[in-house]
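Q: As you go down the protein sequences, you meet chains A and B in turn.
Under this note's numbering, the letters of the first sequence match residues 1 to 669, in that order.
Under this note's numbering, the letters of the second sequence match residues 1 to 669, in that order.
To be clear, the hints were calculated from the coordinates, so they are not data collected in a lab.
No experiment lies behind these values; they were computed from the predicted model shown.
Mimicking SDA-like on lysine to any residue, the simulated pairs with C-alpha atoms at most 20 Å apart in a straight line are:
| id | chain 1 | residue 1 | chain 2 | residue 2 |
| --- | --- | --- | --- | --- |
| 1 | A | Lys209 | B | Asp197 |
| 2 | B | Lys643 | A | Gly268 |
| 3 | A | Lys209 | B | Gln214 |
| 4 | B | Lys372 | B | Ser343 |
| 5 | B | Lys552 | B | Gly578 |
| 6 | A | Lys331 | A | Ala137 |
| 7 | B | Lys650 | A | Gly97 |
| 8 | B | Lys531 | B | Leu345 |
| 9 | A | Lys513 | A | Leu337 |
| 10 | A | Lys513 | B | Ser636 |
| 11 | A | Lys335 | A | Tyr140 |
| 12 | A | Lys368 | A | Ser537 |
| 13 | B | Lys209 | A | Ala201 |
| 14 | B | Lys209 | A | Ile244 |
| 15 | A | Lys372 | A | Leu345 |
| 16 | B | Lys24 | B | Glu271 |
| 17 | A | Lys91 | A | Val272 |
| 18 | B | Lys643 | A | Gln92 |
| 19 | B | Lys331 | B | Gly404 |
| 20 | A | Lys335 | A | Ser514 |
| 21 | A | Lys246 | A | Gly194 |
| 22 | B | Lys650 | A | Gln92 |
| 23 | B | Lys575 | B | Ala534 |
| 24 | A | Lys91 | B | Lys643 |
| 25 | B | Lys209 | A | Asp197 |
| 26 | B | Lys24 | A | Ala640 |
| 27 | A | Lys314 | A | Asp56 |
| 28 | A | Lys360 | B | Ser261 |
| 29 | B | Lys643 | A | Asn26 |
| 30 | B | Lys91 | A | Ala640 |
| 31 | B | Lys313 | B | Leu143 |
| 32 | A | Lys577 | A | Ser654 |
| 33 | B | Lys650 | A | Ala25 |
| 34 | A | Lys643 | B | Lys24 |
| 35 | B | Lys368 | B | Gln328 |
| 36 | B | Lys360 | A | Thr265 |
| 37 | B | Lys643 | A | Gln95 |
| 38 | B | Lys107 | B | Pro488 |
Protein chains: 2
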Amino acid sequence: MSMTATDNQCINTIRFLAVDAVQKANSGHPGAPLGQSPMAYVLWDRFLKHNPHDVDWPDRDRFVLSVGHLSAMLYPLLYLTGYDISLEDIKQFRQWGSKAGGHPEYKLAPGVEATTGPLGQGFAMAVGMAVAERWIAARYNRLGYEIFNHFTYVIESDGGMMEGITSEAASLAGTLRLGKLICLYDDNDISIEGNTDIAFAENVGQRFKAYGWQVISIDGMDLSAVDEAIRMAQADDGHPSLIICKTIIAYGSPNKEGSASTHGTPLGEEEVRLTKDNLGWTYEEAFTVPSEVLAHCRQAVERGNKQQQEWKKKLSEYQKAYPLEAEQLEKDLRKELPQGWDSELEEMFKADDNPIATRKASGRVINKIAQKVPFFMGGSADLAPSVNARLEDCGDFSFQDYTGRNIHFGIREHAMGAIANGIALHGGAIPFTSTFFTFSDYMRPSVRMAALMGLQVVFIFSHDSIAVGEDGPTHEPVEQLMGFRAMPNLITIRPADATETVEAWKVAMENSKSPTALVFSRQDLPVLNRKILASASGLRRGGYVIWDAAKKPDVIIIGTGSELHIALEGGRLLKDKGIMARVVSLPSWDLFDAQPESYRNEVLPPDMRARISVEAGATTGWERYIGLDGTAIGVSCFGATGKGEVVYEKYGFSAQRVVDEVLRLLHRK
Amino acid sequence: MSMTATDNQCINTIRFLAVDAVQKANSGHPGAPLGQSPMAYVLWDRFLKHNPHDVDWPDRDRFVLSVGHLSAMLYPLLYLTGYDISLEDIKQFRQWGSKAGGHPEYKLAPGVEATTGPLGQGFAMAVGMAVAERWIAARYNRLGYEIFNHFTYVIESDGGMMEGITSEAASLAGTLRLGKLICLYDDNDISIEGNTDIAFAENVGQRFKAYGWQVISIDGMDLSAVDEAIRMAQADDGHPSLIICKTIIAYGSPNKEGSASTHGTPLGEEEVRLTKDNLGWTYEEAFTVPSEVLAHCRQAVERGNKQQQEWKKKLSEYQKAYPLEAEQLEKDLRKELPQGWDSELEEMFKADDNPIATRKASGRVINKIAQKVPFFMGGSADLAPSVNARLEDCGDFSFQDYTGRNIHFGIREHAMGAIANGIALHGGAIPFTSTFFTFSDYMRPSVRMAALMGLQVVFIFSHDSIAVGEDGPTHEPVEQLMGFRAMPNLITIRPADATETVEAWKVAMENSKSPTALVFSRQDLPVLNRKILASASGLRRGGYVIWDAAKKPDVIIIGTGSELHIALEGGRLLKDKGIMARVVSLPSWDLFDAQPESYRNEVLPPDMRARISVEAGATTGWERYIGLDGTAIGVSCFGATGKGEVVYEKYGFSAQRVVDEVLRLLHRK
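Based on the provided sequences and hints, a complete structural model is requested.
A: See the structure below:
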């Protein structure tokens, strides 16, 4: 299908809405939309299965603009096809309160499937969406009833292609043969510092062939070529497809075509005018949308409605033929935890059990959860056996069997996080990831995106401190806990034993508003005796008094994770000396700080200033609870090699140390 | 050259020292050394140019074991060839105090060129070493005088190949045509979760060809093949080389050969015995080193001495022919800052100058530095124009011209950090990197490695807060400052204006013991009038009283970066109301906390508890200075889109807010 006059008008409308928006904001990226609008238009006008009036239709195609700084091109597409975003929003591009934010924001602008901007993450989230689609399709589709069968499209650029996360995700997508994943790669040879040759001489197509992708190279501004390429991509069910679209940055700009300067700087009023002239855009006024363009593009609503109606019909037939499956599918999509999903968790661990590492306790808990919650799935960056993150008898997610609930992400932490985000964005699953806590640094950017988008993803981390021991400092987290606590909208929990681990998992499964990071010990820890101590359910409030030596204590000892045991032991030793301690378990700052002040003051009375914290991590920040007068027992340098218990002791973690520091604090030593 | 009986004995010695060490420690990775020892042996015995008695010889070949968890194989190589590590260290593998740490540690074990463990970073550091080699060679070598001409070897594994950082670094190495970089890739098909097929079906060789590498595939356990392949790799001056070495994990183990279980678990006493039998190792005792093996391998010392003597002879001829160059080269290697290197910095910025963003001030400062310090170089992850991180008239580092001092890293933050670390490890340069502060997350793992190794690398970050504005929350750092402050051995500095920027750069250039992170504003900031305010040199102590309204103030206002201006303005407004404030500039917690207590108490008197902090970042942690009774003005959620000044104001950053909070704090409101 070649270009009609209407096509041309539509494309120019997208182009100049983008260019005008950038010009008005005097901020943004005008160059690439001039080159990319044709391919985006073809995709949205001829292929994308979506209903702009129902952004939650589960089987819609997913579209991710991984190159998030081209948001100025996305908002026109959303507006023209009928999403709930206005021309006024576009005029207010990049301004406070507009749906047309600087980068596309999930939840802010309807139709934005993922927040993008940090390069490469959109691509990896698209891989996650394609994973979710195949997973749900494999579990629920039946012969003649293809309830899930949609594509995931992503537009990527040179920048994203350079990022390691894209390589990670692309390699996994090839391994998993995600045939319904289609990437349009805008190969315009330009990045901020100049021609991409200076840093990026590789053959991207060859690289993607090596990953097992179908690779198609076209003139990205030739509509027929784009059309044909997308058809080829759709037709290849066994491989994800990369369509390499050669485009020209700032296409049509008489003086700036092909120039890196147009990447992130407005063209200027005069050049905008010249470009419009040059491309035959005759409208004087900025933000002009010709009525025939709007009429043409808005057909998306009717088309989408019709497609969704057909799907609903299919779904209702499916409901008749497979009522149980249909019911469960709906629950999956609502992420509805079944009645009594946690009923067996409570009694799993007892005080007279053998000591058990919280990572191992977690491994047992997630297997109980998996039995009850069919939409709970996830995997590990090649550390499932160490982190204890395998769902037994739940199969592996692979191209041979897409029903598996264990994903082998490979040693690709950053992509793992983003893929899990993509699964959560797609819906129909609560995904988890897992790796060592020290490698949380590798995936920090995707944890941040989960927090920013408010996604329910459970990030499992084990080997949580210098007590790791033999692997040495590279594998011993120190500053990671504090780093996560500083991140907005993330709930970080470091349970002290198996019983707190159970509670932590309950929080994670019920927290649908944000991601949860669970931080587990490598080493075995006693199961705390809850007959003597306060109930582990206190974890749900983030912090709680676990033991009081007396009604009016002399000192508060605050512990988290493995150090809570030292805190408790220290408290008992102090009692023998006649010093009365209150021991507070503070597994989650985020949950605790969200409690009413009255509760927080009950746990940590403002007038009790003799406070000591003990945690095998950075001390910077502990003053939040111990103040200027307290003492923080922690780790102020990197770890070291040795047996875990030796390193632990050398770094000063013992009940005796707690006693000594308390005595010093109370000036009794 | 085929395998002699001695070769066989040497290889078995390496194998069983590794296996015995793991067995004795009951911890470590025995499988891969059984398969990899042949290739490592060939490299070390026949090719590696090094002097075990002088680990600082500048023109030695560099060897990086990127697969750091195979440290058990590296220590035998070091011991056998004569480095200062004993058999006893190997017997104490993974124990407290041993040079044979869980993962190879730079500075702990002589001959370890880089700390490795976090996968892929070793590979990227090797790329950095190869960059440094070419850079120095291009600037100092003269016809007939090849003072710098060494190879960089790296052993990588499946795990490293999956990590995104490896892709980033490999693509850049191909673009830069680093012909003296040679990677032996141990392709044993096994990772922790099983066969690599489950997550890694790609064609690695094809991928590296796409990057522009020479790719050679061999049987990695065939000595002649390894020998020939290394020669081929050395011969190709125009491309880095990847030697894909097929090996068998746990080679020789009758019951465990090829099994994933041998990756990270000791073989067990019985299986060790069987493996030794099977490979013809007849020694009963663990840790046996046959005398002929030691004699053979220790020839490395004599060989290395001789090579180094030849090099010294060449150097002394060079010194005669090119005395100025030789002298400067020595200074470069010592990183000796020239007399008066900073003399022009002091007077660069004046109070009556136009307001200037600290990123722009930094851009001017680094250009002054570059004029005086020839071994100062670095680059950006495609954001040099935005971060102001270009050294003008200093050329681009490219295959056409390796003398350039600006590296176009491409959009590869993680690799950028590790490559800079590799340059610092190589010596002869103080490297810097640069990107937006929000993307510091992408490179956090390599910043951590710089801190762990104590390397002088300057990490420049700009666009430091929500004041970024139009780019929205993905591009607005919130928690990054606190995250870096929690990291051991990293000096983080957020200067408040151009004059503090100058001081920050002085600290960074003189701090040879650790990396420095410099955090700059996007927005323009007034140049503070140091005639009225305290000198910016106070920055060197991390924090200082910049202004006192009265001798005995009522309240302390602590500010950093752009918020110091608000703090000062708030202080002035308060004075008008009769409330006397002390304003403290606290650009670096790390530097301040390292000051004597007396100084810290002078700045923040312990009895003055009415304290308020103002910083456009996470508040969690500020209690370190404001205590339980203070008020932290900061950002407790993610940012938003809008004009920078609008977002800033909406988030409550204004002098009036400071005034209001002080009044509330003092209960006067």
